[in-house]
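Chains as they are written, first to last, in the numbering used here: chain A, 1 to 115; chain B, 1 to 136.
Hints should not be assumed to be uniformly reliable.
One-sided excerpt, in silico: chain A residues whose CB lies under 10 Å from chain B [stated by the list, open to error]: (1) R37; (2) S60; (3) G63; (4) K87.
For the record, the hints were derived by calculation from the structure and aren't laboratory data.
Note that the Cβ used here is the ideal one computed from N, Cα and C, for glycine as well.
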Amino acid sequence: MADITISERQAGDVTVLDMQGKVTIGEGSVTLRNAIRRLLGEGKNKILLNLGSVGYIDSSGIGELVSSFTAVKKEGGTLKLLNLTQKIQDLLAITKLLTVFDTFDDEASALASFN
Amino acid sequence: MPEIREFSLASRLESVDEAAMLADEFAKSVGLGDEFIYAVDLAVRESVANAVKHGNKFDDSKDVELRFADTGEVFEMTVRDHGMGFNVEEIPDPTDAENLLKSNGRGILFMNSFMDTVEWENAPDGGLIVKMTKRH
Numbered sequence: 001m002a003d004i005t006i007s008e009r010q011a012g013d014v015t016v017l018d019m020q021g022k023v024t025i026g027e028g029s030v031t032l033r034n035a036i037r038r039l040l041g042e043g044k045n046k047i048l049l050n051l052g053s054v055g056y057i058d059s060s061g062i063g064e065l066v067s068s069f070t071a072v073k074k075e076g077g078t079l080k081l082l083n084l085t086q087k088i089q090d091l092l093a094i095t096k097l098l099t100v101f102d103t104f105d106d107e108a109s110a111l112a113s114f115n
Numbered sequence: 001m002p003e004i005r006e007f008s009l010a011s012r013l014e015s016v017d018e019a020a021m022l023a024d025e026f027a028k029s030v031g032l033g034d035e036f037i038y039a040v041d042l043a044v045r046e047s048v049a050n051a052v053k054h055g056n057k058f059d060d061s062k063d064v065e066l067r068f069a070d071t072g073e074v075f076e077m078t079v080r081d082h083g084m085g086f087n088v089e090e091i092p093d094p095t096d097a098e099n100l101l102k103s104n105g106r107g108i109l110f111m112n113s114f115m116d117t118v119e120w121e122n123a124p125d126g127g128l129i130v131k132m133t134k135r136h
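Chain A extracted, bound-state conformation (with noise of 0.2 Å):
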């Protein structure tokens, strides 16, 4: 069973991405990378990263979220994450990258953030 699963869904011009499992060393990482190039080549560059349903994270996983934001900044984009989990959103705090993410609690404040 895959590590992490990711459903995609539009709203408006945004492009959500509902991830489920875990984003670590290996697989995780990898299906989240790929995930996010695949938008970029489409042209979808307004994404909202849902992380409601990912149970663990590790330092690869942390340090894909911030090669995502990175990549989508680069063609003129914005990720931005949405339900963070107390654990992710601890992580986040130790790594001080709260300062470079915008974070969520409901989806419907994240989505009017991008306009």
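Using the hints, position chain B against chain A.
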């Protein structure tokens, strides 16, 4: 007498999951709770990933040695690789503004954050030994 378990892992990424599973089993066997196990899980994953990637450089002829011990008051975990060793002081601080957007370099920060002590030793006969402890 402390509970002790020792393992030898291959130098491949799958060993990271295996190490986490072994740590989980050991921690449960000595009665540790979910929050404690989460901390140990993160630390063992980061240290074994470093040993496989940066220490042994995926060389299948070199193993990663993993040791768990528990005294009933303190959990201890040792990870040893057979690489060239390194000076932990030379690792850039990933929380410095200039490093925030780098994609790697946060594993040691996690180990230091989730364990009480983390000691690094270049073994006289080669390789790096990382010893971590966490009080119950």
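Each hint, compared with the structure:
1. R37: 14 Å, violated
2. S60: The hint holds - S60 (chain A) has a Cβ within 10 Å of chain B, the shortest such distance being about 7 Å.
3. G63: 4 Å, holds
4. K87: Since the shortest Cβ distance to chain B is 7 Å, the answer is holds.
The earlier numbered hint that this structure contradicts is number 1, and it is the only one.
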